[in-house]
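S.K.: These are the residues of each chain, in order.
2 protein chains.
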Amino acid sequence: MFRLPTLRLRLLASPSSCLRRGASRQSARAEQIFKSKKDLPKTSWTSSRAIDELRASLGEDTISTDDEDLLRHGYSEWSSINIDQLPVAVAYPQSTEEVSTIAKTCQKYKIPMIPFSGGSSLEANFSAPYGGMSIDFTHMDKILSLHADDMDVVVQPSVSWMSLNEEIKDSGLFFPVDPGPSAKIGGMVGTSCSGTNAVRYGTMKDWVINLTVVLADGSIIKTRKRPRKSAAGYNLTNLFIGSEGTLGIVTEITLKLTVIPQETSVAVVTFPTIRDAAAAASKVMRAGIPVAAMEIMDDVQMGVVNKAGSTTKKWKEMPTMFFKFSGTKAGVQENVKLVKAIAKTHKSGDFEFAVDAQEQKTLWSARKESLWSMLALRREGDEVWSTDVAVPLSRLPDIIEVSKTELDSLGLFASILGHIGDGNFHESIMYNSKDPKERAAVEKCVKDMVDRALEMEGTCTGEHGIGLGKKDSLLKELGLDTVNVMKSIKGALDPHWLMNPGKIMDVPS
Amino acid sequence: MFRLPTLRLRLLASPSSCLRRGASRQSARAEQIFKSKKDLPKTSWTSSRAIDELRASLGEDTISTDDEDLLRHGYSEWSSINIDQLPVAVAYPQSTEEVSTIAKTCQKYKIPMIPFSGGSSLEANFSAPYGGMSIDFTHMDKILSLHADDMDVVVQPSVSWMSLNEEIKDSGLFFPVDPGPSAKIGGMVGTSCSGTNAVRYGTMKDWVINLTVVLADGSIIKTRKRPRKSAAGYNLTNLFIGSEGTLGIVTEITLKLTVIPQETSVAVVTFPTIRDAAAAASKVMRAGIPVAAMEIMDDVQMGVVNKAGSTTKKWKEMPTMFFKFSGTKAGVQENVKLVKAIAKTHKSGDFEFAVDAQEQKTLWSARKESLWSMLALRREGDEVWSTDVAVPLSRLPDIIEVSKTELDSLGLFASILGHIGDGNFHESIMYNSKDPKERAAVEKCVKDMVDRALEMEGTCTGEHGIGLGKKDSLLKELGLDTVNVMKSIKGALDPHWLMNPGKIMDVPS
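As you go down the protein sequences, you meet chains A and B in turn. First residue of the first sequence: 316, per my numbering; consecutive thereafter. First residue of the second sequence: 316, per my numbering; consecutive thereafter.
It is worth saying that the hints were derived from the structure and are not from the lab. Take these hints with a grain of salt, some might be off.
Since the list gives no way to pick out one identical chain from another, each pair is judged satisfied if it fits inside one copy or across any two copies.
Unchecked claim - Simulated pairs of lysine-lysine, BS3-like, Cα-Cα distance not exceeding 25 Å:
{"#": "1", "residue 1": "Lys419", "residue 2": "Lys802"}
{"#": "2", "residue 1": "Lys644", "residue 2": "Lys659"}
{"#": "3", "residue 1": "Lys457", "residue 2": "Lys484"}
{"#": "4", "residue 1": "Lys537", "residue 2": "Lys762"}
{"#": "5", "residue 1": "Lys802", "residue 2": "Lys537"}
{"#": "6", "residue 1": "Lys676", "residue 2": "Lys425"}
{"#": "7", "residue 1": "Lys598", "residue 2": "Lys484"}
The structure presented is a predicted model; accordingly, all values stated were derived computationally and were not measured.
Pulled out of the complex, with its shape left as it was, chain A reads as follows (with noise of 0.2 Å):
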């Protein structure tokens, strides 16, 4: 039975009002995938004792064989992949015991274990290539301490950093890891993400105190205290952040917290060529000017914004800079002041001012929605290629200029973004996904970035993770010993390989 406005609802809670408005062509869609899905999975025999047992354990509605839930946790419109396979059964714990209870079950019946959180990951993270129980944590959402005084909170892993940032306003504190507006703190240590207060205060591995782990065999684990800086023993913690799922399953998280700044400011930018803003960007870190964030958006993506019409005024389509400057009041003058200056040898237009917070704050949106405002002006057919890698910072203004030409000769509508702070970008490239051959040439220019990435010594992924999607560029980029010492870890943790497979690396056969 097909219940498609519920589906609707569930595939909106993103706080993304571009997204919004995409919605009624975005239900068509999903009613067109969903019915292309001829070959739903068969619940095995196994599958079916596992799934009896955990409803008469946890009670009828923690498991969900629902269709509409199975293609939910398994298909996702922004991921650059999608399979046919879906999971069995979603499961909804209430809290690290029942995990613990779902885990040893999966674990008896040798059935795979998908941790599903803010389900906004792109690079087929959380999808199920071996059917199994996507672990759903919609009901463990809560902020379980906030210890105002030691600066640091307990979060379960559906908390989304933004509500987190909400709630905890009036202590004066904030959460500075901010990926896209519907990542929750679960799949955020996951994919060890980042965003654009990166170039600031650093990647999600550098945010998180300890994890409550559920391993495979069911156990629970504790990666450390709550100190905010040890050198006991080998640090779990940060083998678990970016680990996809496939060590474990996190179910509790004790994330460092940071003072908000007194004072924020935030300015846009034009430059002649993306090369121009790209150097800008260099010179800037080169000079150690603490900027809160800085954002390159190209043309196209510019047009994007103007499109989407989230912010009030028409931005010029030119290669575009955005910059967030905080501190204390001279603090923020004396970084504005340099950051001009670095600017203007980069021949900038003028730096344009929020005039208020509720300025700052919609085009600070604009921005972080980019992603979405793109998938909103999709036709009937089109897919959106969204991927990343970073590089060293001097090879920053080399790789985009060229990914941009390249971009450009594919005929396509495809733009350039990205935290040029940490020399790590985004393409986003529209296509027809019933075009094979336009299919063809955007994973070629992908692949093609990726390894201009790789032979600049950079990384096939600065903040998306590998997913499906990227275990060739990872053998490419670390060689096979490396990738083997990796499947020799994952292999003493998870010795079935039940914990999200497929991902990171391929099962062995």
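With chain A fixed as given, assemble chain B onto it according to the hints.
M.R.: Same frame as chain A, but now just chain B:
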């Protein structure tokens, strides 16, 4: 044959002037220790074969079995713990490939391998409880490439952080992790160290881009390419950092660098009680004031600074805080003002600022060399037990106050000092090693402090590592299941437990 003058020179490779002052007494002590080692390990048949093979393939000088060399690589007067066993040989490789050859040979003959760089660790991290081959990186002390525009540098393990900063200073960049003056990058990776700058810049794990590692079987891997940010696969870099050589031998390290601040200011201020000082430190952190460093020293430690005479001034022997401020001129002034206001509410004395760069350096050195200053004050037969813990920030005043009272009640020469902005502090206790009752009292005092830190959700070590000395505490801190995960990883990468066996966790029986 004992060549003590040579031994003395080697032991004195530390830049500490205090250590130099202690030279004559030290050589006498070393002689005494050396003579007491009645059971220097006899080289077994397999070890002899391994040594012969390595000498044949890498050259006679690559492997030393000189008694002094063995002592220097198995014993440390700085360490809280020493054991009777020494390594059976010391290897001096010149390259990653030579380390690989050594590992292959050790693997073939099942000989433990123990990496050695600065030799300044405090928890017997490089001791040789199972004998084996100490691998000394003395000849791998090169800065391989400075990428100033990428703000990174590639170094070999025996580069010291101090000489690195000296050599690259013309680039305007520096490496901010600053443990004891004699520490070298290889060991700093091994123990996941930090130092006084950690409150501003973070710890070792935040400053390593990639590692080249020789694994137990001699294969060579690189954990990452050279981007400043990556989400590609497991974070092996951070798994090796802090693993104390138990998972592989690090032979090359790419470090992030940052821009030398325009302006630095150093100030010293007293407080009536250590609780007042600690409480002020917590408030500074909570206010988000970006101090460059914030160190606490108790009355005893200030007395040590006075006695060591490395600064011209006589300091009040009271609880004291050392502050370092850095940034732009305006930023420094602003931060000084904010910190002064907080300190005043905790009954601080007046801030005394260093008048010039030389005085800043002298003052900071007095803090950094505090352990050696204390060592220099030992009488015949004295040992110093130096250890560290870290707790959540708000618990710092409590733990420091209780620990100080307990230290005082020992009736021994004992001090507290620490990186108070990280919730991390050290105890150093001088005791008569020939008095078992005194040693037992010291041991109890240290263990009580560790237990207290654990009860406060802290860690048994903020920056020294586990080594031989804190294995029980690690188990108490994280529990058997978590330590078993570490053991699984160890077993997966080093199935014969040949890499620095007996450190962090016990070798399975």
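S.K.: Classify it for me, Lys457 with Lys484: is the Cα-Cα distance of at most 25 Å met within a copy, between copies, both or neither?
M.R.: within (16 Å within a copy, 48 Å between copies)
S.K.: If the cutoff is 25 Å on CA atoms, where do Lys419 and Lys802 land: within, between, both or neither? Let me know, please.
M.R.: both (22 Å within a copy, 21 Å between copies)
S.K.: If the cutoff is 25 Å on CA atoms, where do Lys802 and Lys537 land: within, between, both or neither? Let me know, please.
M.R.: For Lys802 and Lys537, both the intra-copy (22 Å) and inter-copy (15 Å) Cα distances are at most 25 Å.
S.K.: Check Lys644 against Lys659 for me: Cα-Cα at most 25 Å, and say if that holds within a copy, between copies, both or neither.
M.R.: Answer is both; intra-copy 23 Å and inter-copy 24 Å each pass.
S.K.: How would you classify Lys598 and Lys484 at a CA-CA limit of 25 Å: within, between, both, or neither?
M.R.: Between. Shortest inter-copy distance 18 Å satisfies the 25 Å Cα cut-off; intra-copy 34 Å does not.
S.K.: At most 25 Å between alpha carbons: which applies to Lys537 and Lys762, within, between, both or neither?
M.R.: between (38 Å within a copy, 22 Å between copies)
S.K.: Is it within a copy, between copies, both, or neither that the alpha carbon of Lys676 lies no farther than 25 Å from that of Lys425?
M.R.: neither (47 Å within a copy, 62 Å between copies)
The structure fails to meet hint 6 from the earlier list, while all remaining hints are met.
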